[in-house]
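The numbers in my numbering rise by one with no breaks, and the one at position 87 of the sequence shown is 923.
Keep in mind that the hints were calculated from the coordinates and are not lab data.
Take these hints with a grain of salt, some might be off.
[As the list claims (entries may be wrong)] List time: in silico DSS-like cross-link candidates among lysine-lysine, alpha-carbon distance up to 27 Å:
id, residue 1, residue 2
1, K970, K951
2, K984, K951
3, K869, K951
4, K984, K1015
5, K1010, K970
6, K985, K951
7, K1015, K985
8, K924, K985
9, K869, K960
10, K1010, K985
11, K970, K869
12, K869, K1010
13, K1015, K951
14, K1015, K869
15, K1010, K960
16, K960, K970
17, K869, K1006
18, K960, K1006
19, K1006, K924
20, K869, K984
21, K951, K1010
22, K1015, K960
23, K984, K924
24, K1006, K970
25, K970, K1015
26, K924, K1010
The structure presented is a predicted model; accordingly, all values stated were derived computationally and were not measured.
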Amino acid sequence: MKRAYSFITTIIFFAFIFSGVGVSQGLQETLTKLTGTAGEAYVSPIISAFGSNLNSGWVHKSPSSKIFGVDIEVGIVAMATMFGDNNKTFSTNGTFRFSQAQAREMIDASTSDPKLLFLTSGQKDELANLVAQKEFTVGISGPTIVGKKESEVMVDFSGAEIAYNSQTYKVDPKSVGTKAMGFLGDASALPLVAPQFSIGTVYGTMATFRFLPSVEVGDLGKFS
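Take the sequences, apply the hints, and build the full model.
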């Protein structure tokens, strides 16, 4: 049940955030650099905060105990979820596919296999292409979406042996930058303000409706 709720909240969040034309293109570019468990861990703090805000402020008073009656409430609800230090960074394991440039960087930095010294630049590019075609199990850590902009998500590669031209070449372990940074710059909270309308009662129950207007949230852009 918890997993289903998390999935639904995630879908609502992304439908909400990407429906607004004011959403920063920078966030979309950042998310394309991270996939799978890393992408989930990166956006987890703001998705959890968004879900908490959605579930806050629905009930302000108990409805009357009448079987039928008229009870109308109109107002503004303000919510905010605070981010602690534990929300600012993440560390996880998952699969990752390096780009051609990242693969070439790893090959150029490898020193344990002397055969690499005899490859031409073009041959190293071909070897890098083979690396870029594979998915590797790696460690991924760094700032979340609400972390510091100066920090970069890093991929810890444990090394691998790659077959090329009837030879096996060893690519050394290396930490590789993804250029995915903390997007909201050490954000302290995610606020949400919404008009709310409640009407009842039928057998002591009330129906509540909430309108979510466009909200500007720093570099994240406009929610609409």
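Here is how each hint holds up against the structure:
1. K970 x K951: Holds - the C-alpha atoms of K951 and K970 are around 21 Å apart, at most 27 Å.
2. K984 x K951: violated (41 Å)
3. K869 x K951: violated (31 Å)
4. K984 x K1015: Holds: K984 and K1015 sit about 13 Å apart, inside 27 Å.
5. K1010 x K970: holds (16 Å)
6. K985 x K951: violated (39 Å)
7. K1015 x K985: holds (11 Å)
8. K924 x K985: Given that 27 Å is the threshold and the Cα spacing comes to 11 Å, the pair holds.
9. K869 x K960: holds (24 Å)
10. K1010 x K985: holds (23 Å)
11. K970 x K869: Given pair K970, K869 holds - Cα atoms ~16 Å apart, limit 27 Å.
12. K869 x K1010: Given pair K869, K1010 holds - Cα atoms ~18 Å apart, limit 27 Å.
13. K1015 x K951: Violated - the C-alpha atoms of K951 and K1015 are around 30 Å apart, more than 27 Å.
14. K1015 x K869: Given that 27 Å is the threshold and the Cα spacing comes to 8 Å, the pair holds.
15. K1010 x K960: holds (17 Å)
16. K960 x K970: holds (16 Å)
17. K869 x K1006: holds (25 Å)
18. K960 x K1006: Within the cut-off at roughly 12 Å; holds.
19. K1006 x K924: violated (35 Å)
20. K869 x K984: Judged against 27 Å, a Cα distance of about 17 Å means the pair holds.
21. K951 x K1010: holds (18 Å)
22. K1015 x K960: With a Cα-Cα distance of about 23 Å, the restraint between K1015 and K960 holds, given a limit of 27 Å.
23. K984 x K924: Holds, because 7 Å separates the two Cα atoms, which is no more than 27 Å.
24. K1006 x K970: Status holds; Cα separation ~15 Å.
25. K970 x K1015: With a Cα-Cα distance of about 20 Å, the restraint between K970 and K1015 holds, given a limit of 27 Å.
26. K924 x K1010: The given pair, whose Cα atoms are some 24 Å apart, holds under the 27 Å limit.
In summary, the structure is inconsistent with hints 2, 3, 6, 13 and 19 from the numbered list given earlier, while agreeing with the others.
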